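Novice: Take a look at the letters that make up each chain.
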Amino acid sequence: MIKQFIGSAALLMLVTGMAVGHYLSADKRSHREAFSGVVAVTGIVSPSLSTAFYEPAFLGEKVEHPASPQMQSLNRMEFVYAE
Amino acid sequence: MLSRSPFLYFLTLLLFKQKSKHLGIMSISVVMIALVSAVLFISSSLQKTLQDTLDEQADFTVTRIEAGRPVSTPLAWVDKIIEIEGVSEVAPRIHGRYFYAPGEESFLVVGIDFFDEQGSKALQSLLKGIDLKQFFAEESMIVGEGVKDFLQKHYYKDTFSFKTPRGEFKKVKIDEVLPGSLNLLANDMIIMPIGLAREIFGLKEDEVTDITFNVPNDAEWDNVIGKLHLVDYEIRVVEKREVEKAYENLYNYKGGIFLILYIIALLTLMLILYQRYAMVYSHERKEIGILRAVGWSIRDILKLKFYETLILVISSFVIGTVAAYGYVFVLGAPVLIEIFLGGANLENQVQLIPEVSFGTLGSLFLLYAVPFFAAVLIPSWRVAVIPPKEAMR
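As given, the protein sequences belong to chains A and B, one line each in that order. Per my numbering, the first sequence runs over residues 1 to 83. Per my numbering, the second sequence runs over residues 1 to 393.
It should be emphasised that the hints constitute simulated quantities derived from the structure, not laboratory data. Predicted, not measured: the structure shown is a model, and the values here were computed from it. Backbone N, C-alpha and C fix where the C-beta goes; we use that ideal spot for every residue, glycine too. Any given hint could be a false lead.
Claimed, not checked - In silico lysine to aspartate or glutamate, EDC-like type, Cα no more than 20 Å apart, as pairs:
| id | chain 1 | residue 1 | chain 2 | residue 2 |
| --- | --- | --- | --- | --- |
| 1 | A | K28 | B | D52 |
| 2 | A | K28 | B | D131 |
| 3 | A | K3 | B | D52 |
Unchecked claim - These stretches of chain B come out as covered by chain A in the derived footprint (C-beta under 8 Å, 3 or more residues):
| id | region |
| --- | --- |
| 4 | 13 to 21 |
| 5 | 32 to 39 |
| 6 | 47 to 56 |
| 7 | 145 to 154 |
| 8 | 349 to 357 |
Unchecked claim - Okay, the calculated bits of chain B under chain A, using three or more residues with CB under 8 Å as the criterion:
| id | region |
| --- | --- |
| 9 | 85 to 99 |
| 10 | 295 to 302 |
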């Protein structure tokens, strides 16, 4: 094997090792506990969707305008104040 | 010794001498694999996180429907629901979106009962330093990082004035900011006392947004739903299992679209590769002819092509997946995360929990490697079996 190949293979292994190390050392448990804490406080499990005001704000929420989903749905109990 | 093998020396020398030939195919492969792996990583991380947090969610959510639209739910339903056998932990909720017209953005306002023992304990464990006495000294709120950044941009440093439906302004102090690691769930969230949220949304004392409750015995779920519909005609019940299914389908669907695009791109790449070897005047064809002419057997040529392809396949797959891993779990998947969370409201810089589905990754590798090998080995074999003179012509 030529030197360049060995060098490239070593570099690839190093990068892979770093990714594996990151994956194994990630503190998944405390993250999950913190997320569960938010849900325990608020009771809302949906991720924080960055949607326009007239779009469904919660994941899995049904769109009530099946023919035109981009239109503001009527079934929202939310408050808009005029400018 | 492996490193002194003339075959390996020739193979690696060939790879580096013809690197410009391989770099093109490798870079296309890396981009394709990185893109599809990134989507799969985001999808599996979100799915796993949501699946875990879903355990904390109540089994049922009840709202009142009027003319097909959800409206405020009467608080009196709480007593009626408690009376149903098998029901526990009935809790009224007040939440909704507050639209901030000048910035055309909206926040999710959640009212919580700070006097509820469980809720206040959970809040204290979430925000270790929170001083509830100080929090109640004046009208205060806890905001997500996205909300804090947005308010600061609009010069609301310590307080924010909500406008109630009565046209009055309600000045609320920004008491605490939720940690950035919670942005996935709480980026646009504002947590405040339930009474204050009721005032901001203009709800009466006997009204709430919805009511949640649990039914610990799964076998009783359908029976309880039947009884709920007898409470009132205008009732709408959302079950936890419906939400679970919706989450699963949504992310599978989004990941699926990328997988289809990946398969199309992969087929195109394989076609290009196949053409490269099969073309009558191609460089590869001449190369195989020369090797045959100097005495290489068909088996040797196929072995050379196999190992050459194996190195290319493995290295491009590893580079692609590691790049995707870094992009998703170290950088937080900028741009691509917007496909999953949207980008029309507050900017959300999430920290995804590293979660890799090795089964999916293995399938992706097979889906990539098998056609790649086929596109190289089949035409190489077809060239290798013809006389060298003809192949070099």
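Novice: Flag every earlier hint the structure violates by its number, smallest first.
Specialist: Checked against the structure, the hints that fail are numbers 2, 3, 5, 7 and 10, while the rest are satisfied.
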